[in-house]
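Heads up: the sequence lines are chains A and B, in that order. In terms of my numbering, the first sequence opens at residue 1257 and continues consecutively. In terms of my numbering, the second sequence opens at residue 1257 and continues consecutively.
A portion of the hints provided could be inaccurate.
Remember, identical chains collapse to one label, so a pair may be satisfied in a single copy or spanning two.
Unchecked claim - Calculated cross-link-like contacts (lysine-lysine; reagent style DSS-like; alpha-carbon spacing at most 27 Å):
id	residue 1	residue 2
1	Lys1533	Lys1422
2	Lys1581	Lys1453
3	Lys1533	Lys1511
4	Lys1581	Lys1297
5	Lys1532	Lys1511
6	Lys1422	Lys1453
7	Lys1429	Lys1297
8	Lys1511	Lys1581
Calculated directly from the structure, the hints in this document are not laboratory data.
So you can see what is in the structure, the chains are spelled out below.
There are 2 protein chains.
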Amino acid sequence: MGCSEVDASTAADALLSADVRGVDSHGVARLSGYVRLWEVKRVNATPFIRVIHETPSTGVVDGDSGLGLVVAPFAMEQAIQKARQVGSGWVSVQNSNHFGIAGHHAMMALPHDMIGIAMTNASPLVAPTFSKEKLLGTNPIAVAIPAGIEPPFVADFATTTAANGKLEILQRKNQPVPDGWVQTEQGLPSSNAHELKEGGALLPLGSDREHSSHKGYMLGSIVDLFSGVLSGANYGPWVPPFPAYIPMPDQMPGKGIGHFFGAMRIDAFRPAEAFKKDMDQWIRRFRSAIPVAGQPSVLVPGDPEREIAAQRMQEGIPVLDAVLKDLQSLGDRFSLAL
Amino acid sequence: MGCSEVDASTAADALLSADVRGVDSHGVARLSGYVRLWEVKRVNATPFIRVIHETPSTGVVDGDSGLGLVVAPFAMEQAIQKARQVGSGWVSVQNSNHFGIAGHHAMMALPHDMIGIAMTNASPLVAPTFSKEKLLGTNPIAVAIPAGIEPPFVADFATTTAANGKLEILQRKNQPVPDGWVQTEQGLPSSNAHELKEGGALLPLGSDREHSSHKGYMLGSIVDLFSGVLSGANYGPWVPPFPAYIPMPDQMPGKGIGHFFGAMRIDAFRPAEAFKKDMDQWIRRFRSAIPVAGQPSVLVPGDPEREIAAQRMQEGIPVLDAVLKDLQSLGDRFSLAL
């Protein structure tokens, strides 16, 4: 596409980080989608990414329509630099694109003995509580916290009941989805895995009012406001769609997609060694919780992805035929050997 | 109890803020509970609350076992001061007690054109996904964001499917609770509103694995780690219980209960006026979303509490007989006219 070597490598890292951790929906399977966005000139392959406003602990980055995979690490690095100097750093981003897997960016803080936070808004697929209309994206939140002997705590989750990736798995198998994952175009309950293509919506974490879907709606809103409104990006129903064939919304209030990043130095609160000792105790206590009869053992956020990563680093990453075909045709097109 | 006039007034403000906003479970109904904690010397009525560690944008406050109702505003004020100077302020608190309604503290940021954040850990009542044991509190998160002509966005929610207050209402009516709110001591599904008294647990937001209870578990964990581990307070199953008759846990790893506060100056990101114009547009767009047939109109976080507050400021705050009796006997005991 004309990206610099450095940017191409940064973007590849972000995609492979998803594939190795088992989040296949955010890995190389998306590469052709990014290329299509570049083809319709929504992605700028050679962006001038820069800080357009800042204070000692905050800043706004203009991504210049670059790949989010490249803009996000730049912004997270700014947050880390600020945390190094004044204890914490908080960077909101405008004019960006889909940034891949949130956890990858949050985890950049870990080697610096910092807590890392990453979130992003996304194309509207989610209906707020009581709404027929789709006004929010799956708006994920990632928080990475260093530990001592134990591996880090890494939470990374969409603020919906079901991740899009899980829906796609059931689509391929032509199986029904559980109650509370999606609603029809009219807002009625549905078990159709293809409901989104028929005008339906994903539901916020909590599924329905009785199970506190308003809390999932609030979480998704906070992500949208920190990422979109605080930066001057688009927000709510005006966030640009990921599929390049969907036209851009009318009267967009901001620039591109928005992200939000944070970094907090552990020793800006208490000595890192004492903190890590407590983290180890926290992690061990939760992992050793007595499980309900017949259920698996209690996990600590990050455990499932670490298990898959360990396995895939040994055995390789399985790639679906459709994805392989996609990569091959991209290779042909850009005269690159796969 | 011997609090200073200023502290008593600060604490009363926090309690009344809950009552007027309709969060009766966190208002004056709790007063006798705080007094009982003072009687068993878990609450210090004349604390020396102080910052024990800080950087330009972060700090740790030692609450000296004071009422959380008094410690929390002190810590939030520190966060606001730091935000004024370097753009944002983040304060973790150790050695505190129950701080009342989270939203009240987060909203302190609003008059300063800042975003306010407040969270706290709490006595273990919640079982993580797959766990029989209760290892987390209801660990609420509050985020208050200023708008322009529209009222502010105020999200304030427990990271569980059901708030304890809703459970109490069904207890009084002797009615069953919906599926997915609580589990039995053995971790089985239950509709018993009294389940917690029989060794059962509240469930994290999401209710079960199929509806992503692991996301509610992750949220509650993040609150616990930011409030408890980052400050040097207690965490997880070691958080001190609210009822004074329940003995303290063995081998507590930290001091008291922990909180976490944040303040971000809007104009540390972009001009406040431009931000507020976008906030107004966001709020209007969401409030005017087309509702599902037969459902109420779509609300914006803060709307329900504002409606109740407007009504109660006119008509007064209804108080249950049991609460009135409680207040009367407190009045008698401390020779105060009710």
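Open item on the list: Within a copy, between copies, both or neither: which one fits Lys1533 and Lys1511 at a CA-CA cutoff of 27 Å?
Closed with: between (43 Å within a copy, 15 Å between copies)
Task: Status of Lys1453 relative to Lys1422 across identical chains (alpha carbons, at most 27 Å) - done: within (15 Å within a copy, 37 Å between copies)
Open item on the list: Reference check for the pair Lys1511 and Lys1581, CA-CA at most 27 Å: within, between, both, or neither?
Closed with: neither (34 Å within a copy, 58 Å between copies)
TODO: Give the relationship of Lys1532 and Lys1511 under a CA distance limit of 27 Å: within one copy only, between copies only, both, or neither.
DONE: Answer is between: at 17 Å across copies they meet the 27 Å cutoff, but 40 Å inside does not.
TODO: Up to 27 Å between alpha-carbons, please classify Lys1533 paired with Lys1422: within, between, both or neither.
DONE: neither (36 Å within a copy, 37 Å between copies)
- [ ] Up to 27 Å between alpha-carbons, please classify Lys1581 paired with Lys1297: within, between, both or neither.
- [x] For Lys1581 and Lys1297, only the intra-copy Cα distance (24 Å) is at most 27 Å; the inter-copy one is 70 Å.
Open item on the list: At most 27 Å between CA atoms: does that hold for Lys1429 and Lys1297 within a copy, between copies, both, or neither?
Closed with: neither (34 Å within a copy, 61 Å between copies)
Open item on the list: Please sort Lys1581 with Lys1453 into within, between, both or neither, judging by C-alpha distance up to 27 Å.
Closed with: within (23 Å within a copy, 58 Å between copies)
In summary, the numbered hints that this structure violates are 1, 7, 8.
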